[in-house]
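S.K.: Each chain, letter by letter, is given below.
There are 4 protein chains.
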Amino acid sequence: EHWELNQHFDYRILLKLKEDLEKIKAKKGTALNCGKGVLEELKPLATLEDEGLTLKEIVERVEKDLLEFADDETVAINVASTEPTPEFDPEYHATLEGFERAIEEDRRDKVTASMLYAYVSLKNGIPFANFTPSVSSSIPALKELAERVGVPHAGNDGKTGETLVKTTLAPMFAYRNLKVLGWMGYNILGDLDGKVLAHEQNKRSKIVSKDKVVGKILGYYPYTITEINYFPSLQDNKTAFDFIHFQGFLGTKMKFYFIWDAIDAIVAAPLVLDIARFLLLAKKKGQKGVVKELAFFFKSPMDTDEYNTHRQFEILKKWFEALVSS
Amino acid sequence: EHWELNQHFDYRILLKLKEDLEKIKAKKGTALNCGKGVLEELKPLATLEDEGLTLKEIVERVEKDLLEFADDETVAINVASTEPTPEFDPEYHATLEGFERAIEEDRRDKVTASMLYAYVSLKNGIPFANFTPSVSSSIPALKELAERVGVPHAGNDGKTGETLVKTTLAPMFAYRNLKVLGWMGYNILGDLDGKVLAHEQNKRSKIVSKDKVVGKILGYYPYTITEINYFPSLQDNKTAFDFIHFQGFLGTKMKFYFIWDAIDAIVAAPLVLDIARFLLLAKKKGQKGVVKELAFFFKSPMDTDEYNTHRQFEILKKWFEALVSS
Amino acid sequence: EHWELNQHFDYRILLKLKEDLEKIKAKKGTALNCGKGVLEELKPLATLEDEGLTLKEIVERVEKDLLEFADDETVAINVASTEPTPEFDPEYHATLEGFERAIEEDRRDKVTASMLYAYVSLKNGIPFANFTPSVSSSIPALKELAERVGVPHAGNDGKTGETLVKTTLAPMFAYRNLKVLGWMGYNILGDLDGKVLAHEQNKRSKIVSKDKVVGKILGYYPYTITEINYFPSLQDNKTAFDFIHFQGFLGTKMKFYFIWDAIDAIVAAPLVLDIARFLLLAKKKGQKGVVKELAFFFKSPMDTDEYNTHRQFEILKKWFEALVSS
Amino acid sequence: EHWELNQHFDYRILLKLKEDLEKIKAKKGTALNCGKGVLEELKPLATLEDEGLTLKEIVERVEKDLLEFADDETVAINVASTEPTPEFDPEYHATLEGFERAIEEDRRDKVTASMLYAYVSLKNGIPFANFTPSVSSSIPALKELAERVGVPHAGNDGKTGETLVKTTLAPMFAYRNLKVLGWMGYNILGDLDGKVLAHEQNKRSKIVSKDKVVGKILGYYPYTITEINYFPSLQDNKTAFDFIHFQGFLGTKMKFYFIWDAIDAIVAAPLVLDIARFLLLAKKKGQKGVVKELAFFFKSPMDTDEYNTHRQFEILKKWFEALVSS
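Residue numbers (my numbering), protein chains in the order written: chain E, 1 to 326; chain S, 1 to 326; chain B, 1 to 326; chain W, 1 to 326.
Any given hint might turn out to be false.
Repeated chains share a single entry, so a pair holds when one copy, or any two copies, can fit it.
Below 27 Å or equal to it, Euclidean Cα-Cα: the simulated BS3-like pairs (lysine-lysine) are [to be verified]:
#1 Lys-18 <-> Lys-253
#2 Lys-28 <-> Lys-255
#3 Lys-18 <-> Lys-318
#4 Lys-255 <-> Lys-179
#5 Lys-16 <-> Lys-179
#6 Lys-253 <-> Lys-195
#7 Lys-195 <-> Lys-36
#8 Lys-284 <-> Lys-317
#9 Lys-285 <-> Lys-143
#10 Lys-16 <-> Lys-253
#11 Lys-216 <-> Lys-56
Keep in mind the hints are simulated off the structure, nothing from the lab.
Just chain E, same shape as in the assembly:
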């Protein structure tokens, strides 16, 4: 029992939900190209590809399972562990036609699980969000699909903890013309995510996503260190240590430190709910393609260069107000 280990919320909440939780049945899915991190840390992991299915058959199974469950209010959100980033292949990733050909030709080396789930959702008019740094719906092929079908999607990588603080604080240094000389961010976490990220291949995608935000906001790229390490006794607790070295008037160097001591799942869960609600609203209002106004929720927002949390919030508010009154 996962709760036993953490007890980060009241067990009586769990008791009340027991019946409902027990009714949820997970179906067998795919973990195609999810990297060593996922395959080793989650085993035994029974997947559709282990059954010997072709890509096409996998898509059909996932589609069948999804449609049995889905209704008009359904939104799909990828909260699986981080996949390694596959190399972009114009032949199969650039166009919807190419992507569907990859499925036809059973090119498993070109397709990851997060792409498949995005594909099945969007194809069936189900709004989709990618809460992870995996590639998923961000390839041109799937953006094309969303436009064609007329369904909204958003991503990538939920901005829950250290990066949220980074993108809130970094603007301050820019506004005040305090030059950031270096920014160090050390993250330790004890959950399954931490275990998966301990694998170099999977970690890489995450670090790239966390690392670039400071430079995007400042307009120049200071020296940065971004580390993620597994720390088992923390369990669902995630702690980040950041150190910012900055330079002010007359070249004087000064220091800023922060410690973020939070529970990743607890800060992530309400974002997932909010994203679902916003995407559903967008769908109802007829929006399609990337909803870049949801950048507020993501570390690597699609189709925008706005990383400043404050501006993202203003954009979200304006979008929401316009949408509601439309």
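Once you've looked at the hints, dock chains S, B and W against the given chain E.
M.R.: Same frame as chain E, but now just chains S, B and W:
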């Protein structure tokens, strides 16, 4: 030599400025109602009131000294130590007529040094800014004066360190609906300011100024602790320790800590220069009265309830762009 | 239910102990001269003195209640809230005769609850420890009593958190001849203890106890700040922020920060158990009077100037080994 | 000029020493098997091996240079950058005969610069200390040499910063039976040492030296993370961030954080001086071989399992007092 103790910037910068610095001659001024902190820590302190001058004579002397020096480009900025907050007296503080009557009647119990300097500046068309939590130009009487003379002014209390970080971070908790349960801010500093603030009377004004910003931004007033203590070995170094206790999804409590390790004078100096430039521009463009768009620079901005650093920056930018192109 | 608020240990432990816990019945006691902090924060507080009893009658009632309960293995430990420190009065505090005269004469202004409990325990041959900064058994009168009756006692003020770290770290600076320029310690806590200590009178005793240890270890008294503040949302959580400014070779200043984020009751409870065991052993081995070798457990150990945690541990070990093999 | 960049002490100290410093002339030496870190970061680096000298010729040159300079009071201390750890080869490292055969046979693959300097010093009766994690005089061959010649030596790896704190604090958790669940130590530094340690090969030796101390003191090996990263803007400043997760009564988990913000050279220099003085005294008093009582100064002390800073200090004091009075 003050630099000897701190050495927080290169001594060669000082050598280059030596000649210019030596030309600056300070005149004897007033420290009326500046509180025990100022009187005890800065002694021997020779003031105009010690010479037995009346309020009217003090005003005349300060005016004479100022006009000898000032030209069209002069801006006056109050960077003196924090005064205790006097009780508001409608008779003498509410109208310009009342304030001038206080001077005529030599009501020294009603007037503080920071009011006098603001009065003399504004009366002579010199833009004025109050970089301290002292009352200064924020009483209705002096606001009226600024409007009448047609000169811009701004204040109060330069937002240089911990409060800058507070007003940058607090919005994040609001945006994400993370409830702040408590916010503790401990400040230690070793300069003269620290010595003066060690006096209860003077400290009070400062704490009020630092303390309210979090509630203003969040829309509710969490439990707060704000302490300022003198720590001699730090000299010009100012360090703030903040702890934020917050509550997220399912009532889970989480923690955030930060340490700001900076040099107060170094972060303040460029703000003083910027405020001077902006006020001069405002004057040239014909603005008068409180320039509330300069809220970005102040802990307790006059005539606005906008404490969010990010919004303040947007407001400043818009104001500046409109002004320049006007 | 206190546990509800904190949940800092597994509720199933509590379930197992439920029956035993319910059997424990507290008797009405005394809160004589416990200060405003105790009287206001714990009310409604029914005490023996409220019943109009004289000192002598209070002593008799406490004694009766204690003897009903006690056996040969009983040890009494004061874990009540901190009392204000009464002024030492040679007439009533210096000798056992004087102290007993105070009781006879019903001099309630001279006697505190912690003295009364110590008196009753020691008089009846029950080893006593004072886990608080209250005066208790440390007055000469009660030390005399312990010697006469032949019973061991120990105190004062359990060294549980920040002071434990202080007395562990401070020796390092001494060994390496790094001069401590200043040591700041800020404590925040949310339990009843915090509430009581928010009262100036009660806080004073605690701060004196925490503050002097650094100087005792270093051999000189650096600038120190010791603050304790109530922070309700922390509940049983106690957090300390320490900053140490130190100077090394060639006068270079350097910095050390630590954050102690612990649960006071959880770090205190095993000490209380250990002290009880050690005192019982001491009694069985015929020791009487202050057991200064238990200094390891206390912030203000009686009859010793050894504040270095490491030396205290070595002394405890030697004492224990000698005692066991005696 | 190195001082220009750091200015961590008063430039007037430097002016006073200018003449003396200019008289010191460094001779060309060896960097044999010092690893990529040293070779790449210090280039252009002119070494004796670049001149095409054999091992034997290198030894002769170093010996000649040393003897020209040395007198009766000379002590040699290795403060060079960390070498990668060579594999132990019994044939050449286990006995003095083997080591000298390696020199004869010009087996450059078996010998590192730090061994050569130790060899030359000890052979000539010059006390030697290894202030680095390099192997140096710790191989049996050189220990044998020291015993034979009758000269004292000590090592390894100066305990200057984070490890000093670790070995001061870890005993506290042991004394109080608080179980350390995990200990994370992140080090960032901006000097040449940091640059060299950014090279994986060189870093490895250092991490092993830093990492094991906690387990040695606790008696069990908790989960540890030890990272060292280069952070250029810090220059000579070295900052360590440590997080200790520990478990107390009833299984409750608690947290401790510390930040060490110091100047490595400044905390190291006086240790180097003290080691030199102690070794000289040891020599004068006729001690030979490893002086394990100097463990206080080292991260990986030779021939002892005592890592507790406090015990090491007691041992040093006793040794010194006995030696002086012998």
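S.K.: Confirm or reject each hint.
M.R.: Outcome of the hint check:
Within a single copy, Lys-18 and Lys-253 get their C-alpha atoms only as close as 55 Å, which misses the 27 Å cut-off; across copies the closest is 23 Å, which meets it. With identical chains, the CA atoms of Lys-28 and Lys-255 are never at most 27 Å apart, being 50 Å at best within one copy and 38 Å at best between copies. Neither within a single protomer nor between protomers do Lys-18 and Lys-318 lie at most 27 Å apart by alpha-carbon distance, with minima of 39 Å and 53 Å respectively. Both within a single protomer and between protomers do Lys-255 and Lys-179 lie at most 27 Å apart by alpha-carbon distance, with minima of 11 Å and 23 Å respectively.
Within a single copy, Lys-16 and Lys-179 get their C-alpha atoms only as close as 51 Å, which misses the 27 Å cut-off; across copies the closest is 24 Å, which meets it. In this assembly of identical chains, the alpha carbons of Lys-253 and Lys-195 lie at most 27 Å apart only when taken from different copies (20 Å versus 37 Å within one copy). With identical chains, the CA atoms of Lys-195 and Lys-36 are at most 27 Å apart within one copy only, with a shortest distance of 11 Å there and 32 Å across copies. Taking identical chains as interchangeable, the C-alpha atoms of Lys-284 and Lys-317 lie at most 27 Å apart only when both belong to the same chain, with a minimum of 18 Å there against 36 Å between chains.
When the C-alpha separation of Lys-285 and Lys-143 is checked against a cutoff of 27 Å, the pair qualifies only within one copy, where the shortest distance is 19 Å, while the shortest distance between copies is 50 Å. Taking CA atoms no more than 27 Å apart as the test, Lys-16 paired with Lys-253 passes between copies only; the shortest distance there is 21 Å, against 54 Å inside one copy. For the identical chains of this complex, Lys-216 and Lys-56 are neighbours neither inside a copy (39 Å) nor across copies (57 Å), given an alpha-carbon limit of 27 Å.
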